[in-house]
Structure formats: structure tokens, C-alpha cells
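There are 6 protein chains.
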Amino acid sequence: MYELGVVYRNIRRADSDLAAGLGAFGTATVHEAMGRTGLLKPYMRPIYAGAQASGTAVTVLLHPGDNWMLHVVAEQIRPGDIVVAAVTADCTDGYFGDLLATSFKARGARGLVIDAGVRDVRVLTEMKFPVWSKSICAKGTVKATLGSVNIPVVCAGALVTPGDVIVADDDGVVVVPATWAQKTLEAASAREANEGEKRAKLTAGVLGLDMYNMREPLQKAGLKYID
Amino acid sequence: MYELGVVYRNIRRADSDLAAGLGAFGTATVHEAMGRTGLLKPYMRPIYAGAQASGTAVTVLLHPGDNWMLHVVAEQIRPGDIVVAAVTADCTDGYFGDLLATSFKARGARGLVIDAGVRDVRVLTEMKFPVWSKSICAKGTVKATLGSVNIPVVCAGALVTPGDVIVADDDGVVVVPATWAQKTLEAASAREANEGEKRAKLTAGVLGLDMYNMREPLQKAGLKYID
Amino acid sequence: MYELGVVYRNIRRADSDLAAGLGAFGTATVHEAMGRTGLLKPYMRPIYAGAQASGTAVTVLLHPGDNWMLHVVAEQIRPGDIVVAAVTADCTDGYFGDLLATSFKARGARGLVIDAGVRDVRVLTEMKFPVWSKSICAKGTVKATLGSVNIPVVCAGALVTPGDVIVADDDGVVVVPATWAQKTLEAASAREANEGEKRAKLTAGVLGLDMYNMREPLQKAGLKYID
Amino acid sequence: MYELGVVYRNIRRADSDLAAGLGAFGTATVHEAMGRTGLLKPYMRPIYAGAQASGTAVTVLLHPGDNWMLHVVAEQIRPGDIVVAAVTADCTDGYFGDLLATSFKARGARGLVIDAGVRDVRVLTEMKFPVWSKSICAKGTVKATLGSVNIPVVCAGALVTPGDVIVADDDGVVVVPATWAQKTLEAASAREANEGEKRAKLTAGVLGLDMYNMREPLQKAGLKYID
Amino acid sequence: MYELGVVYRNIRRADSDLAAGLGAFGTATVHEAMGRTGLLKPYMRPIYAGAQASGTAVTVLLHPGDNWMLHVVAEQIRPGDIVVAAVTADCTDGYFGDLLATSFKARGARGLVIDAGVRDVRVLTEMKFPVWSKSICAKGTVKATLGSVNIPVVCAGALVTPGDVIVADDDGVVVVPATWAQKTLEAASAREANEGEKRAKLTAGVLGLDMYNMREPLQKAGLKYID
Amino acid sequence: MYELGVVYRNIRRADSDLAAGLGAFGTATVHEAMGRTGLLKPYMRPIYAGAQASGTAVTVLLHPGDNWMLHVVAEQIRPGDIVVAAVTADCTDGYFGDLLATSFKARGARGLVIDAGVRDVRVLTEMKFPVWSKSICAKGTVKATLGSVNIPVVCAGALVTPGDVIVADDDGVVVVPATWAQKTLEAASAREANEGEKRAKLTAGVLGLDMYNMREPLQKAGLKYID
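Residue numbers (the working numbering), protein chains in the order written: chain F, 1 to 227; chain C, 1 to 227; chain Z, 1 to 227; chain E, 1 to 227; chain X, 1 to 227; chain L, 1 to 227.
In case anyone wonders, no lab produced these hints; they're calculated from the structure. Misleading hints may appear alongside valid ones.
Identical copies go unnamed one by one, so any copy, or any two together, can satisfy a pair.
To be verified - Listed next, the in silico SDA-like pairs over lysine to any residue satisfying Cα-Cα at most 20 angstroms (straight line):
#1 K128 x A51
#2 K41 x L159
#3 K128 x A49
#4 K105 x A200
#5 K143 x G5
#6 K143 x L4
#7 K128 x Y48
#8 K220 x T145
#9 K128 x G50
#10 K41 x P152
#11 K183 x D17
#12 K143 x R215
#13 K220 x R191
#14 K41 x T125
#15 K183 x D15
#16 K143 x R122
#17 K183 x L218
#18 K41 x S189
#19 K201 x V6
#20 K105 x G50
#21 K105 x V6
Extracted from the complex, chain F is given alone in its bound form:
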């Protein structure tokens, strides 16, 4: 299903302001704004608490136990990108460590999302280079087989097309197709409006039952209170 052995050099990236704007909302709001779709599987976890990133996707397809293409993708990174790495079969090996992070950072990458493992996490944490991965594992990889760069990939259950917006934080990773970025930003903004007001009410002890007018629909659905 994948085209192998190719590197697409020219991809159409989503607007960087849109990526930044979506990043400010965080994954929970953004994925709601897309109709509750676009999330990668929840096994994708940040390597340190508080990790946050948003940017445009450059993608790479890897083979199990082989990180050769991570060196190839490095050259395609532009400032503001997030590298999204998929693997052709389940693998927990540590594909990525501090040297590659140094290189990615120098190229302007904002982070890495990889459906496999990483290592040197103590150094990556000190460098504040955010990574979302399936595992942490010291096991290294070989450099023997060609994958591809900047083809559409399935990463942790989600389709990522080069140039899509990636938003990632403590709650996970969400992908926003480039063509959806503008309307998703608007939907997210609408969703967040009055959040402060709502929080103030709830802090004051107002119940969601009343604030969201749920009592009537609950009664209609048949909810019974028993004393």
C-alpha cells in the first residue's frame, strides 16, 4: 500500500499561523472541533510531562528495527515542522536518540511523533525536544532498508498527509488535514468562547446540570431520582 524508496521534496505545508493557532487550543479542543476525529491512539505518550508542540507534518515511513530514513527526512525538515514517523510493522525499538534530536533541532523541527520507541530520553528531556512515542527503549536500529519520505502514512491509527497540522500535548496527538486547518481553527475558537465564564460559574458551585440545561433531557430520557 506504500510507495517505497521515494522522497518528495516539495510538499504543501499548512499555514504556520494556523498551526500556531491550533496549537494554542491543545489537542482536546482541536479534535472536538473536528467532530471528535483525528486523534492518534492513546498509547502515544510524551516522553516528559508538560511537552507541547504544534507544527506542520513531514512524514517518514520506516521498517521495523531500521532508522535509516530518519537521516533522510532530516534534510527535508523546515523550521516549524514536526516529523511524523510510521513503521510498516509493530516495533518498540529505540529509533531516535540525542544525536538525531540535535540534528532535527538544528533544522528547525518542533518535535517528533513516532509509532515506535526512542532512547536517550534523559538528554532529550534536558534539551526540551518533545517526542511522542509508543515506547522508550535502549535498543538501537540498523540502516539497511529504504522507506519513504513525505508520502501519506498511517501513524498510530491516523492518516497523516505531508503538510498537515500536528498538535500534541500531555493529552495526546491530533492531526488536522491542511485543508481543514482554517475551519477547524474557527470551530475551536467558537468552542472555547465563554470558557472563562463557565469556569467561574462552576467554581461558584453552579452545576453543569443547570448551566448546560440538562435536567429536562435527562428527565425525558427517563432518569429517576430515588430518595
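Take the given structure of chain F and dock chains C, Z, E, X and L to it, following the hints.
Positioned in the frame of chain F, the structure of chains C, Z, E, X and L alone reads:
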């Protein structure tokens, strides 16, 4: 097996002093004091290191991908309660975020134990609102189907009856039936007596083998030392 | 497959300087220096971020839900040792807590590697006693069945012979057979040479593609660039 | 949470006709008739294809790696019972083999539901003694620690009270509280009415869309057809 | 990431002869012919041994615990199709049973591939309606939320576009993009040529080492034989 | 930890009569006779019901996604051997199919035990070539990296030394060290004595409680019967 669509408003809560007393011992001691039963499955993890809570259970039964009843249970919370949320099928969605946490906190909840996922964990951590959950996931939920509030539920493999004492910390979550709280507290106290003395001896290099008089039973069991 | 009910008191430990030297390189480098073997499964995780230890293995074989032999192994610990605990079947119980840690520490242990669960992790973290485990679980254990001490054991998928060098950090745990320690140290040293130089180049924006001369082999393998 | 070391000899069993009647409907229909509750987790699988059983529950609580109480529960079996075995912690050991099956069968048991492992599955299959279990495993168990018989237990995520109706087949296992058995049977009957008629229509090519009048609600929900 | 609430009625199906031709080779050969890509995750298993199917994909996107769209997709099935069902979050519920199978079969469906659970497997097996699923589970679903039909979906880690060829058997499920079907068929044919001859040689005791001329490359790679 | 790139041609195989004798007892009895050790993890399952094999181990160490060494090990097979394949990291790929099975069978192999995946299971089943594996998966492998043949390996959690006896059936796989084979056979024989007599008693309704004289120890342990 579950009665659906009901909210029990009056439950008999365990004494709050008992809940506080048991909380002071922590989950490891409390579950030992109950004959090594009462623990929820170890996949239930706190969302931040150092989380600690004890209180009386108000329970809620949820459906997969539907958090409507969390708004219903909010109204039933009294100061000192911990909400225990079960789901009718496995689900990792993020049922609970910062707005609900604001509401629960305003009602006096001491924490949440949920056999599913939560989101906004960075904010929850800043709020110091402790949650024990199966997963962390940005995916939100709908509000469409009735569950129940304050019925007995099976949460992460343990039966929790409304009013039971919940003790939770870094090591997991334990449930103490309300009628067992007093004797469990006594058993826990007895267990902890001389802990300081034991720690001092072990620090000084005394072996558990000698302190607990294990050499004879080990020999009887047939242990052989080979030089 | 295991000899049960025996304690070997005299084992040949790898040289402590070798253990220290290997520890300085970390798990990723050490396991690469052994041909990418020797790692325990990646489900073995430190109980706190930043945990690091190296030392010589004393081994213990446990039964599910039974930690009796941890008291037996305590007596065999010498300063600089790391206890490696295997279990005869999968188990997530909390075999080890703060009292045993106090005892192990008093005997000079540098840490614990256990293919099961531990508890009291908040206290263990405060004590800075590093543990790598499969789970964290409040559930305690009984003291009823004999295992063995200082026999070769399979721990998390790796064979550990008493006296082997153990290196453990945030990236996992690696075992180096005592007879391989010297040559592994040399291979690790060779591997790390010029690391600083490489990092400087990568920081300056040099690509791994060029630094490692990968362009030609990639082209030979058939990689195509598409504009 | 569990009372340990007790055997309740007198339990109130659901009517055997109700158990037989519910068994005729199968797990899918029965659990629907209870509002889609009562199912054990789907990891519970029959040891051979086509296994089917229904009966009244006698329960037993076991400890990990210890099957002593299976001998105790054997004495409490009456013809038409199904033994439901829970364990106080996760365990995949083979608690049950052909000798115990011979004994259970001689006592009139219709099957076994166990949240752990079994062995001798080839012989059990030849004997046509149906078992639903979490695993198949040759590993045997000891006989050392007391559990209980005929107390309420949580088995594979469901609360089972002695005397409840158990229905099990290729699709899983469902528990019907004794007090719900009559109304569940009626609800199941109502559900199944016209099944033959429906099947005939669908075989003839009628669509569920039309047979269930779904076109209007789908349109209302906003479904769009695009040519 | 998914367009919700739409049904595409006109899709471009791969040629049915190509689907039949690819089906004759089986999943192992077909996925090799595509460069070892295109496979769904190995947790997708047939509900009975010996299940085999090939055909053109009609796709459906479902929500967790909701099978409404399976009735919608039924209308879009043409003879020779295989329904491929994806879910927006992990779910093991039984979405599909004997009534839907009767309907799908009447429409000409060759099978179902679903990244969730099915039920009534005994009847499905008797009907010889092949299904590949993640789980078998009696738990039913509601009919409440719109998904989509015939949009590209990610199913068990693979991107499936409506009209693609699906090949499924005991070894798993593979998807062949419609535009790749012809060349994949040719590559598969080339791969299989001389299979009979090879099998005859191997049966006669010829080693793969000799038949594939591996001795020299193995020696070059450094393999050493020790007597 | 593994010696790479070597093939040991001369190994000391356990006596073939011992292997046959142990095989007759089956895995459950054999592992009990070794003190309940020697079992591989229960995720190792036969590819068809009723599979049975016993023989002497020839071992092979593989890399993830690479089956080159399976061709190398084929040459080392002697009649009566079972190939035991370990992998240096978790992998579910299909390493082995019908051509290799044809070759192994021609060399006299009795079966394969592999801590990874296999494919062509329909044909393997027809050939009656028994395989115990972690997964079934169509995904093929490359032939690029050297492992080793006939070194001690850890397979599914158990240490297997070349020449050890392997016994495998529906209940799993057990390894008996060559030096333990004779005494294990004797212990197994002793264990099985009177089995027929026991079965007859149990069939007649005698309880294990009485046959094994458990009533007194149960009473001593404190078991209480409640009417």
C-alpha cells in the same frame, strides 16, 4: 446486571474520620489489613506522581464514550467524597477534563477514580485535583445515554458500593466496605506498630531473616546453602 | 528448568571498576557495544525519572505472589550489587517496599531489577533507591515457597547469571556477562569517541546524510528524490 | 473486600427452568434483554468451538497460583450448576484439568467459568466439558491458601452472586441475577419474536434500512448521499 | 480527519477479475508482491479456520458501540464486495451478527473485515459467511450516531480506499489499492512461478541454502561454523 | 548477551527415547515433574488443535523481521529434532511458511517453536507440521542479518540449550534440560501412577477432599462452613 437510569440520593457514607484514618496508612497497609483484598487492578494509575486521596465513594456507571452521568453525579457529591466511575465496556476515551474537575472540586470532591480515560491532565495537575485512571486521552465523549448514580459498580475489577471508603496513592487504589472500615483501621494500626523500630534495625544492617525469625522455617522448608 | 531451594553464597562478580565504567556509558551505548543484544524487555521501567545504576548482579528466583526469597537474597548482597529478581510466572504484585529497600540499601545494594511489581514508590523515590519493574502495585505477597538465590535466571526475557554487570537508566536495563565486560567496555569507548565532535557538527546544521556518507549507499539502494 | 475462609452451603439458586430457558436464547439475546449489561469481559473464551452451557452459579474465590478451593467447591456443586471462579489477582496458571473436570461432571456441573487458565484442554474437549477461561496454560498450582466458596465475586469484570443464572456460548458469558431471571426471560422472548420473519425478509433482499424504518431518522440526523 | 455523515454511492471498484486473481494467491504472496506492505495488523483474525475471501472494498466508518451505519452500508453492497469497517476509537463490542450477515449475503457481500467485535459466530460459521475481526463479543450496540460510507478509512492500521481489492485468509488481511491491482497480480504471478519445482526440491531434501545460493553471502556476512 | 554469527554443528542431544517418553506424558505432567518450572509463556499457542510433539532442541537466534537463519538451521536438523527459534526483540512477523516446513520436514524435524509469527497456516495444518508460535501473520521477512544456530537462547521466557528435550501440546511448551531428562521422566511416571484409579474414583463421585485427605488441613487453616 446493572439497574440503569436511577440516581440514589441518600447513601450511607462511612464515617469521615475513618476515611481520614485509613488514608493516613496508604493503600499498601490498608489492603494488607483486609487480608490482601480490595485493590483495584494495577492498571489504575495516578495522573501525577505523589497524588494521594481518601474519602467516601459516590459511584457512577457510564457507557462507553458517554460522560453524561458525570454531570449527574456532580450534584450528589458532598465534601469528603471521591467519585468512582465504572464503564459498561472497555473504553479509553477522555471522559473528564478541567471544567468537570472545577465543578467536582467546588462540590467538595477529594478526587476521581475512573476505569477509563481523562484529559486536560496538565491543568488537573496544576489544580492538584487527583485522578486515578486507566488512560490519558484527548478524545471527548457524547452525552446521550443514561447510566446510574450510587448503585454498586465493578470498577477496575473491584466491587464498590456507595459510601465505601476509598484510599488511593502512588501505589494504586483500594476500596474498604463501610462496614469493614473500623476493624480495618484497627488492623492497619496494629500492622504499622513498631514500623519505626523495624526500619531502624534494618538501617543498622539487621537482616529481615533474623528480625522476622525466618531462618528456621526456611531450613524446615528445605533451603540449602552452597559455598 | 530451575534448581529450586538453593542459595549459592560464592559467586564470581565482575570487576567493580568495569561495572562503574560501563555504567558511565548508559544502556543505549552498552547494548550497541554488545551487538545490540543483552537488553531486558522494554516494559521494564524505572519508578522515577532520572534513575541510574550499575553494578554486579545477585539473582533471585521468586514464585508468583511470594517474596520470601527477597529476605534470603538480602544477606547475599555486597556493596556494589544490584538485585535481579525473576518470577516463575507472570505476576504484577508488589513484592518490594520501603522496609526491604532500607535493608537492601544498608547492605550496599545499588538498586533492584524485578520482573514483577513494587510498592511504596513515593518513599522509594524519596530514598533515591532506584528500581526497574514491570508494574507498580500495592498488592503484597506471602512468604511460603522456596525459590533460589544466585542461580542463572531469565528476567524480562534476558538471561542473567550471578556476577554479571547490570546497567540501568531511563532507557531500560542491559545485562553484560562478566566475561564480556572488558571487551564491551572497550567497544563502548570506541563507539563514544568523537561523539562531542559529531554533536557539534549536527548542531551546526551538518546533516547525518553527509557526516555518515549515506548519500551513495542510499542512491545505490534505489532512493529517488521527486520535486 | 472479600470475606475469606468461608463456605456457604445453602444458597438460593435461580429456578432451573429459567436457567434452561435463558440458555436457549444465547448470550447475545440475554444481555440485550438486560439493557446490555451483565457480560463478562470478552477475553473470556470457550476452550472449544461450539461450547454452550447454562445453569446456576456456585462461586469460588481463588488466590493466584493456588487451586485448593476448587476441591472445596466441588462438594457444593448440585446438578445444573456452573462453577464461577474468580482470582484475587491476575493469573494465567492452569488451575483446572481433566481430574477436576471428572469430579465436577460427576457432581452434575454443566461447566466452568474461570478468570484464569486451564489445562488438559484436549481431554476436556473430548469429555465435552465446557470451560470459558482467560488462558490455556500447562502451569499447575499449589494448594496452600484459603479462599471462599459461595460468596459474591467479581469475575472478569462482572459481579456474580451465588445462585445467579449463567449463560455461556461462543460469544461469551453473561450473568443474570436470580431476581432478574424471570423478567429477563420475558424480555428475551419478546426480542426474539418475529426473528424468523425478519430473517426471511433480509434473505429476500429487503434492507434493514426499510425493515426497521431507519431512513427518516438517518435523514433527520443529517445523513447525506452523494452520487 | 474523517468526513462524517456522508454516503458516497458511486465508487470506482477494482476489476472483479483482478480481485479474484489476487485472491487465488493468498495474503502472504500478495503482500510480498507489494513490497511487504498493505497488511492489516495481525490481531485481525478469521472467526473460523479456513475462511477465505477476496473482493472489492466498500468502507464504513463507525463510532464506538454504535452499528447504525452497518445498515446504511448494506444498501451500497454490490455482488463481489467485502465490507471494511473502521471505528473512531478502540472498541471490542459485537457490531455484527446473523441478521446483518443474512442481509449482507443477500446483497452479494463476500465477507466482512471489522476493526472491532462480532457475535453469533456459531451461526456465521454455519452460514459460511467469513469475518475477520479484532474480537468476538456478545455485547450489542446502539444506533445513534452518524458515521460515513465509502470514505477512505484506516482499518487495523491500514488505509483502505473504497474500491480497493481486499484479500483475506487464515494468515490475515491485505489491501491492494485499485490502481496497483494489475501490477500486483503480475508481481504475485512472477513470485509464485516455480513454486511447485521448489517444493519438489525441498521435499527431496535439497536445502534452501543451496537452492537459493545463500552459502556465499552468509560467508561474506561472516558466518562461522564451529565443530 | 548472545554470541552472533556462529553455527555450532555438534551438540549433545538428549536421548531420543527420553524425549519420546516425556512426550507421552504431556506438558502439564512434565512441568509438574520439574517442580513447576520449564514452561514457555502461555502466549505460545499451537496453530491447530490437537498439535503434539516431542524431540530434541536445535536452536536458532533471529533478528526482528529477518528469517535468514531459518535456512541455516535447516541444515543442522536431524530426525527427531524440534527447532526452537528466539528473536532479539518482540516481533509478530510471519517468519515461516509452507516451503520452509517442507524443508524442515524433509530433514526430519518434528515441529517448530517460535517466539514470533508464522504464515501459510492452512497448508501447515494440512501437512500436519505442528508449530507453536506467538502470532499468525502474513507479513514476510528479509534475509539480511546474521544470528546464530545452536547457542543457548531465551525463547518466550525460558532458557533453551541445544539438545534439551522439548515437549509441546495443546497446553503449551515445556523445556527439559538434557541432564534432567532421566529424573524428570521418573518423576513424571511416579506422578501419573494411579491416575486411572483416581479418575475412576472421581467418576464414581468420590470427592478430591476425601481422596486427597484435605479436610483436616483445610480445617486447620481455618476454613468455616456456614449453613
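Taking the hints in turn, this is what the structure says about them:
1. Proximity of K128 to A51 under the C-alpha cut-off of 20 angstroms is found in both arrangements, the shortest distances being 8 angstroms within a copy and 18 angstroms between copies.
2. Taking the closest pair of Cα atoms, K41 and L159 come within 20 angstroms of each other both inside a single copy (12 angstroms) and across two copies (15 angstroms).
3. Taking the closest pair of Cα atoms, K128 and A49 come within 20 angstroms of each other both inside a single copy (11 angstroms) and across two copies (15 angstroms).
4. For the homomeric pair K105 and A200, the shortest alpha-carbon distance between copies (12 angstroms) is at most 20 angstroms, but the shortest distance inside one copy (40 angstroms) is not.
5. Taking identical chains as interchangeable, the C-alpha atoms of K143 and G5 lie at most 20 angstroms apart whether they share a chain (14 angstroms) or sit on different chains (19 angstroms).
6. For a Cα distance limit of 20 angstroms, the shortest separation of K143 from L4 qualifies both inside one copy, at 15 angstroms, and across copies, at 18 angstroms.
7. Proximity of K128 to Y48 under the C-alpha cut-off of 20 angstroms is found in both arrangements, the shortest distances being 9 angstroms within a copy and 18 angstroms between copies.
8. In the homo-oligomer, the alpha carbons of K220 and T145 lie at most 20 angstroms apart only across protomers (11 angstroms), although the nearest pairing inside one protomer, at 61 angstroms, exceeds that limit.
9. With identical chains, the CA atoms of K128 and G50 are at most 20 angstroms apart both within one copy (10 angstroms) and between copies (15 angstroms).
10. Taking the closest pair of Cα atoms, K41 and P152 come within 20 angstroms of each other both inside a single copy (17 angstroms) and across two copies (18 angstroms).
11. Only within a single protomer do K183 and D17 lie at most 20 angstroms apart by alpha-carbon distance; the minimum there is 13 angstroms, versus 42 angstroms between protomers.
12. With identical chains, the CA atoms of K143 and R215 are at most 20 angstroms apart between copies only, with a shortest distance of 12 angstroms across copies and 61 angstroms within one.
13. Taking the shortest alpha-carbon separations for K220 and R191, neither the intra-copy value of 26 angstroms nor the inter-copy value of 24 angstroms comes in at or below 20 angstroms.
14. For a Cα distance limit of 20 angstroms, the shortest separation of K41 from T125 qualifies neither inside one copy, at 23 angstroms, nor across copies, at 22 angstroms.
15. In this assembly of identical chains, the alpha carbons of K183 and D15 lie at most 20 angstroms apart only when taken from the same copy (13 angstroms versus 38 angstroms across copies).
16. Taking the shortest alpha-carbon separations for K143 and R122, neither the intra-copy value of 24 angstroms nor the inter-copy value of 35 angstroms comes in at or below 20 angstroms.
17. Taking the shortest alpha-carbon separations for K183 and L218, neither the intra-copy value of 32 angstroms nor the inter-copy value of 25 angstroms comes in at or below 20 angstroms.
18. In the homo-oligomer, the alpha carbons of K41 and S189 never lie at most 20 angstroms apart, since the shortest distance is 25 angstroms inside one protomer and 37 angstroms across protomers.
19. Within a single copy, K201 and V6 get their C-alpha atoms no closer than 55 angstroms, and across copies no closer than 27 angstroms, so neither meets the 20 angstroms cut-off.
20. In this homomeric assembly, K105 and G50 come within 20 angstroms of each other (Cα to Cα) only inside a single copy, at 18 angstroms, whereas the closest approach across copies is 23 angstroms.
21. Taking the closest pair of Cα atoms, K105 and V6 never come within 20 angstroms of each other, the shortest separation being 24 angstroms inside a single copy and 41 angstroms across copies.
The structure fails to meet hints 13, 14, 16, 17, 18, 19, 21 from the earlier list, while all remaining hints are met.
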